[in-house]
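Generate coordinates for the entire structure from the input sequences, incorporating the hints supplied.
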Amino acid sequence: MPPTPRPPNPAPNPANPNPNIPPQPAPTTKPLTPLRITTPEDQCTTLHGITYTFYGYPDNDPPGAAIAYECPHRSGSGTAGGTGTYDDPLTFATAPGEFELCEVIYSPYLQKYLIHEDYCESCTRHWPHMWHVDVWLGGDSVGAAAEQLSCEARLTPELESQSVVRGPRGDLPVDGTTFYAGGHSACGVEHVYHAAGAEDYC
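Position one of the sequence shown corresponds to residue 1 (full-length UniProt numbering), numbered consecutively onward.
To be clear, the hints were calculated from the coordinates, so they are not data collected in a lab.
Just so it is clear, the structure is predicted and the values come from calculations on it, not from any experiment.
Misleading hints may appear alongside valid ones.
Cβ-Cβ distance ranges computed for the label pairs, FRET-style [said to hold, decoys possible]: (1) 140 - 44: 28 to 38 angstroms; (2) 145 - 72: 28 to 38 angstroms; (3) 141 - 44: 35 to 45 angstroms; (4) 186 - 128: 29 to 39 angstroms; (5) 194 - 130: 15 to 25 angstroms.
Built from N, CA and C at the ideal position, the CB exists for glycine as well.
In structure tokens form, the structure reads like this:
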């Protein structure tokens, strides 16, 4: 009996070179989820070894209250400010990448909420070797620069001696003192809390 003829081999298919394995569907790519800005309701964490400094109208660059970034709560004002409450946090400056833009943190040292909405040149020189926040002190003139700079120096603690809370809850204690209101005697040095630890607020 003659042998049964075999069917001819199929022509190769570039999309499926092995005809005995069924073709697999092409993988789908899911769109990336955009990163979001850190908000005060994120998970609470603490950072220690923070350097605090202060700046205001006369030693801002250029002199004045202008800030580098626009944050929604300021309604486009473009100026530094704030009272330090959860709803009205006080401006702080830092190095790019050190904190998220418009991130709200809590300062146990000052008993105030702070918001990142300005750029700090000295912080940039320190980062990433040192965490450094430069806190807005206010003022409205360069005429009183000497007394305001003196107040800034008096409020500044030892390098890397303080802490901050990231993702703080909204009911932490707030000292409503305005640190500088003009005049050497108006510097609020009695309203800082050197011994406060971030672990007590998180």
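Hint check results:
Judged by the Cβ atoms, the range 28 to 38 angstroms given for residue 140 and residue 44 holds: they are separated by roughly 35 angstroms. For the hinted restraint 28 to 38 angstroms between residue 145 and residue 72, the CB-CB distance of approximately 32 angstroms keeps it satisfied. Checked against the hint of 35 to 45 angstroms, the C-beta distance between residue 141 and residue 44 comes to roughly 39 angstroms, which is consistent with it. For residue 186 and residue 128, the Cβ-Cβ distance of about 36 angstroms falls inside the hinted range of 29 to 39 angstroms, so the restraint holds.
Under the hint 15 to 25 angstroms, the C-beta atoms of residue 194 and residue 130, about 19 angstroms apart, fit the expected range.
Every hint, counting from the list given before, is met by this structure.
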